[in-house]
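Enquirer: Sequences listed follow chains A and B, in order. Just so we're aligned, residue 1 is where the first sequence starts under this note's numbering, counting upward by one. Just so we're aligned, residue 423 is where the second sequence starts under this note's numbering, counting upward by one.
Treat the hints loosely; a few may be bogus.
Derived contacts from chain B toward chain A, CB cut-off under 7 Å, selection only [stated by the list, open to error]:
1) Thr494
2) Lys497
3) Tyr557
4) Ile588
5) Ser589
6) Leu590
Listing some non-contacts, in silico: residues in chain B with all C-beta distances to chain A over 10 Å [what the hints assert, rightly or not]:
7) Met423
8) Gly444
9) Ile496
10) Asp520
11) Gln531
12) Thr571
13) Glu584
14) Pro648
15) Arg672
Treat the hints as calculated values from the structure; they're not laboratory data. Quick caveat, the model's predicted, so the values are computed rather than measured. Backbone N, C-alpha and C fix where the C-beta goes; we use that ideal spot for every residue, glycine too.
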Amino acid sequence: MSEHNRLLKELGLDVALHDELSRATERSFQRTIGAQQNRPKTMAYFDGVLHGAHGGRIAELVEARKAGRKVVGTFCVYVPEEIALAVDAIPIALCGGSQFTVPYAEKTFPRDICPLVKSTLGMAFAKICPYGPILDYMVGETTCDVKKKTWEIIADDTFHVMEVPQKKEAVDVELWRRSVREFRDKMEQLTGKKVTIERLAESVRVMNDKRWALQRLTELRKADPPPLSGLDALTVMQGALNDEPVRFTEHLNILNAELEQRAAAGVSPFAKGTKRIMVSGCPSVMGNWKVHHLIEAAGAAIVVDESCTGTRYFENLVGDAAQDLDAQLAAIADRYLKINCSCFTPNNERLDDVKRLARDFKVDGVVQYVLQYCHTYNVEAIRVDAALKAAGIPSLKIVTDYSEEDSGQLRTRIEAFMEQLG
Amino acid sequence: MTRTAGIDIGSRTTKVAVLEDGRLVHSRVVDTGTDPLARARELLDGCRADTVVATGYGRHLARERLGFPVITEIKAHALGASRLFPVCRTVIDIGGQDSKVIRVESGRQVNFEMNDRCAAGTGRFLEVMAVTLGYTLPEFGQAALAAPTSVAINSMCTVFSESEVISLIAGGESKQSIALGLHESIVSRLLALVGRVGVESPVVLTGGVARNPCIRALLERRLGVPLLVPDEPQIVGAIGAALSAGNGARP
């Protein structure tokens, strides 16, 4: 048994089954990300983040806990990471992107809920989630209905549910600011440390640096041809939800420097004039490369992602002009409330985002990506489609889960969409 | 003189069409079976085409193993139907495992919808149901067309519909009215796809299911427009593929 598997065994995992998951993930990686040509050299670090998510990162977190730090699992980009970081806790996104664990959730949970929730729960139920045993705390939130009801089943006294409002009126802003302050209290109780204005200013700087680097990466994708593939940009984004933030930003800045050179020299996995696609809608979390792979295998370049594994994670920085703690917390809350998730109503700001990004990134078409049974994105797609139509931008809606059973039909639909773009 | 061939490797049948300076000179339809590449080679043997373009469900296999450029069956049907009926503005293609509705302007597709994942409401559905009712395919369409009444079929899934049909038979319903009910359920499902794209007349019906007289009659009635049906609706995709040779096919 390898040293790492010994660690997983100590954590109480089903090591043999975990090996199967690792092999399934590796096959999927080799078929998609690994099969690409002409990748930036410094992407190697981000491939490593992906491969280390159940490896080196776990060992690192185990060590961090021994040193007294707390690990906090999250399920949504609405959870303000800077507050956890301000008390030296480590936030980690737990969302699952693998079909492998879906059947384990379906033993007790309904089949007709979204694959992201099923994959995440299945990982825990099958005893192959290495994060489960090393979490000190979890933070859920009141975004989608399936998550809210799931928390009722899995939450214990180390689980906190942040209330996210459903609208963005003045009263909702107040409610959300209160949720953020309450989260601060929970983090202080967990760690026994105080969120001070100095610590918070420091963690805001860490998160803003990270967001700024992601924004810069995104900006570089405006080049024709873009210096990296959409699959690689997604790999970076998936890493952003797992990796240690300061180290991640350092490496992202290195990648950005390489991309700048590539863009200047016209180096790209794509030919100039390759059709430019925006993917908009649901997130594609680690393990899920399905639709991005299908789109780029059909000969297009994904140049921007309007999703929680895209612009919704890193657009807008936290203002740092606040003079006192309450104002600083309010500035954090206000930054997060600009995330335009389909669980809000109305959500006109998202329509504006999609139109703006389509224009700024000169996209030829938009693929609306909806995870099966994600009702809010699925229904909102009607308005997004209408907004795009009015702006003269073609769009294709894809509703799918993590399984491969529909890839033949999806491939045909995506290729036909490319043909339609000319 | 240029001779181009289109090979349409579908889930149920494989079709070849050969054009000489754009004029159809040869075509053939065979069952795809379990070795689509062998079938494709067989069909192309002796076609003496300068270029071959592949389409259909097996197109990528033909691209990887035989080096043919490809187009999707959606583009292929748009091109083929527009060649046969230049006035065409909507194509409804009902194939073995997919149904598609394609809006066409001046021979180019401008929008489309296609069923996702399962084969409900397609040719394969009709095949399975014909067997369940003890009809051959031609008898099945004729029986449905002649049925005086119909029974509502609630299930869209091929497997569930089969159980539903069996219980209807056990309940004493006539084979004919069940047959009509099944045809109506396919057409209703198709109309949902049509509704999403929006139908513009003239409408061309292609694919193997276009040979079914009851589907044609029901669709015409529900759409309220006459349908243009090619003499050989199965080879429209192959014609479209042949037309795209050197002109829009993806190497």
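Enquirer: All hints are to be evaluated individually against the structure, with a verdict given for each.
Expert: Hint by hint, here is what the structure shows:
1. Thr494: holds (4 Å)
2. Lys497: Holds, about 5 Å.
3. Tyr557: violated (28 Å)
4. Ile588: violated (25 Å)
5. Ser589: violated (24 Å)
6. Leu590: violated (27 Å)
7. Met423: Since the minimum Cβ distance to chain A is about 28 Å, Met423(B) lies beyond 10 Å and the statement holds.
8. Gly444: Fine: 20 Å to the nearest Cβ keeps Gly444(B) off the interface.
9. Ile496: violated (4 Å)
10. Asp520: violated (7 Å)
11. Gln531: Nearest chain A Cβ is 5 Å from Gln531(B), so the label is violated.
12. Thr571: holds (35 Å)
13. Glu584: holds (20 Å)
14. Pro648: holds (27 Å)
15. Arg672: violated (7 Å)
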